[in-house]
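Engineer: For reference, the chains in residue letters:
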Amino acid sequence: MASILRFYHRLAPFWAKATTPSAVLRLLAAMQSWLGWGSVVLLAIGLVWSLLVAPPDYQQGEAVRIMFLHVPCAWLALAIYSMMAIMSAMALIWRHNLAFITIRAMAPVGAVFAFLCLFTGAIWGKPMWGTWWVWDARLTSMLILWFFYLGYLALLAVTQDRGRGERAAAILALVGGINVPIVKYSVDWWHSLHQPASILRLGGPRIAAEILAPLLLMIVAMTVFALYVICLNLRRLLIERKNLAARLRQNLVA
Amino acid sequence: MTSAWALFCRDVRLYWRRPSDVLVVAVFFLVAVCLFPFGVGIAPALLNDLAVGVIWVVALLAGLLSLGQIFAQDQADGSLDLMLLSPTPLPLLVTAKIWAHFVTSGMVITLMAPILGFMMGLAPTVFLPLMGSLILGGLCLSYVGAFGAALMLPAQGHTGGGTSGALLVLIVSPLLIPVLIFAVGAVEAARHGLDGGSAWMALVALGLAALGGIPWAIAACLRL
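Residue numbers (the working numbering), protein chains in the order written: chain G, 5 to 258; chain L, 96 to 319.
The set of hints was computed from the structure by calculation and includes no laboratory data.
C-beta: ideal position from N, C-alpha, C; glycine also.
One should not assume that every hint holds.
[What the hints assert, rightly or not] If you want the ones that stay clear, here's a sample from chain L, every Cβ over 12 Å from chain G, calculated: (1) Trp-100; (2) Arg-113; (3) Cys-129; (4) Leu-187; (5) Thr-205; (6) Gly-280; (7) Leu-289; (8) Gly-292.
[Said to hold, decoys possible] Covered, in the sense of this in silico footprint (three residues per stretch, anywhere, with C-beta under 8 Å from a C-beta of chain L), are these stretches of chain G: (9) 162-173; (10) 178-184.
Taking the hints into account, I'd like the entire structure generated from these sequences.
Structural biologist: Here you go:
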């Protein structure tokens with residue numbers, strides 16, 4: 005334990021230097037084009053593979069192809085919210101300004117993916133289940149996850165005092181984190197119309213390799229794309245704050 | 096303890112001196128439930144099936160509408176700062192404020208519930224479980240709603256001006272869904288002549304969790 009603490013304290017100055025706004029801005033600027041072009045290339049390959057090359061499902065036919073969008077959206081909606089909840093805890097404990105800004109940059113992206121997950125799910129549900137929507141455990145908990153995103157964004161939007169507003173919103177994001185395991189395990193805990201977990205399960209995935217490979221590629225591609233948008237968002241927020249600080253300093257001198 | 100009791104009495108007295116706030120909650124509850132027969136039709140069987148859910152959802156909205164301002168007034172006139180500086184633990188003071196709100200809104204709604212139950216065609220044997228669920232669930236509602244109101248304080252500025260209750264509904268309603276499910280589940284079980292034991296236990300558990308946990312969360316929000 006003592007050695008871990010000593011390691012942590014040795015690391016702290018480097019960490020502090022690496023997380024200053026200007027260092028992060030440089031890092032983001034370096035990452036941005038890689039993420040952007042990477043997502044273009046990966047999405048191009050992934051879309052062609054999943055929409056044209058991959059075989060149709062033996063039961064669902066061509067309609068199964070919406071899965072290649074639906075699953076990455078669901079994964080991103082959950083992953084981004086989990087990251088937001090973890091970062092909220094970190095932000096509230098260490099009061100690191102960058103963490104608050106990062107959560108802020110992630111929230112709208114996650115909200116859009118949660119909506120897309122519900123939307124593509126409805127389009128898939130109509131031909132397969134015969135209905136756009138059922139009040140089923142998985143669907144309902146995903147809808148509530150979207151509501152948590154909206155609540156977080158609404159709380160940020162109405163606050164006048166930015167610092168206090170960001171801290172309050174972080175507490176809300178942290179509290180909303182209890183919903184994430186409920187969404188993930190809803191298909192195992194309750195009888196559900198939605199199919200049970202088929203990729204991350206004990207005993208390996210339950211999907212044929214010809215469909216699993218493009219699906220995993222699409223998940224990676226959409227994740228890179230999400231990181232790209234978050235990177236853009238974060239850069240914008242950091243530059244905004246830097247300009248604001250510079251303006252305030254100028255006024256102070258003048 | 097004495098200062099928490101004093102705060103409780105002050106808040107109740109404030110509600111008492113300005114009865115319009117309490118009356119608005121009561122009248123909203125009455126009017127909103129009475130809109131449903133106009134909307135869905137007056138077939139007795141249908142109303143009987145909808146009654147518990149409608150009464151509960153409207154009670155939830157009515158409770159939240161009055162909660163938006165629970166800390167705003169205190170922030171505007173500076174008494175919130177005095178509470179933050181007080182040697183009495185902040186969670187205790189928060190608890191006093193929540194109970195004052197519950198006594199003046201949740202209890203009023205509970206007492207009105209049998210009247211609306213009659214109008215929606217519920218059997219009188221269901222009234223006792225309905226009122227019990229409104230007391231237990233109403234307590235959860237006051238706690239969770241006060242948490243949402245504390246989160247929204249940064250939005251109020253120091254003007255005390257009202258941000259809408261609609262925003263509070265957006266923020267805390269995902270957190271209140273379990274309360275709604277178990278409260279309605281418990282009453283529905285009674286309506287069908289079952290005992291609904293597990294739903295009652297879940298409701299009591301939620302209430303105890305709120306009682307023991309949320310005042311500290313609210314105190315943390317107020318100190319932001």
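Engineer: Next step is simple, just say for each hint if it's right about the structure.
Structural biologist: Verification of the supplied hints:
Here Trp-100/L stays apart from chain G, with its beta-carbon at least about 28 Å from theirs, past the 12 Å limit. No beta-carbon of chain G comes within 12 Å of the beta-carbon of Arg-113/L; the shortest separation is about 26 Å. With a closest Cβ-Cβ approach of about 26 Å to chain G, Cys-129/L is found to remain outside the 12 Å limit, as its non-interface label requires. No Cβ of chain G comes within 12 Å of the Cβ of Leu-187/L; the nearest lies about 20 Å off, and the non-interface call holds.
Every C-beta of chain G lies more than 12 Å from that of Thr-205/L, the closest at about 27 Å, which supports listing it as non-interface. Against the 12 Å criterion, Gly-280/L stays outside the reach of chain G, whose nearest CB is about 14 Å from its own CB. For Leu-289/L, the condition that its CB be more than 12 Å from all CB atoms of chain G holds, with the nearest at approximately 20 Å. No Cβ of chain G comes within 12 Å of the Cβ of Gly-292/L; the nearest lies about 20 Å off, and the non-interface call holds.
With 9 residues having a beta carbon nearer than 8 Å to a beta carbon of chain L, the region 162-173 of chain G meets the requirement of three or more and the stated coverage holds. Chain L is given as covering the region 178-184 of chain G, and this holds because 3 residues of the stretch bring a CB closer than 8 Å to a CB of that chain, at least three being needed.
Figure legend: structure checked against the earlier numbered hints; every hint is met.
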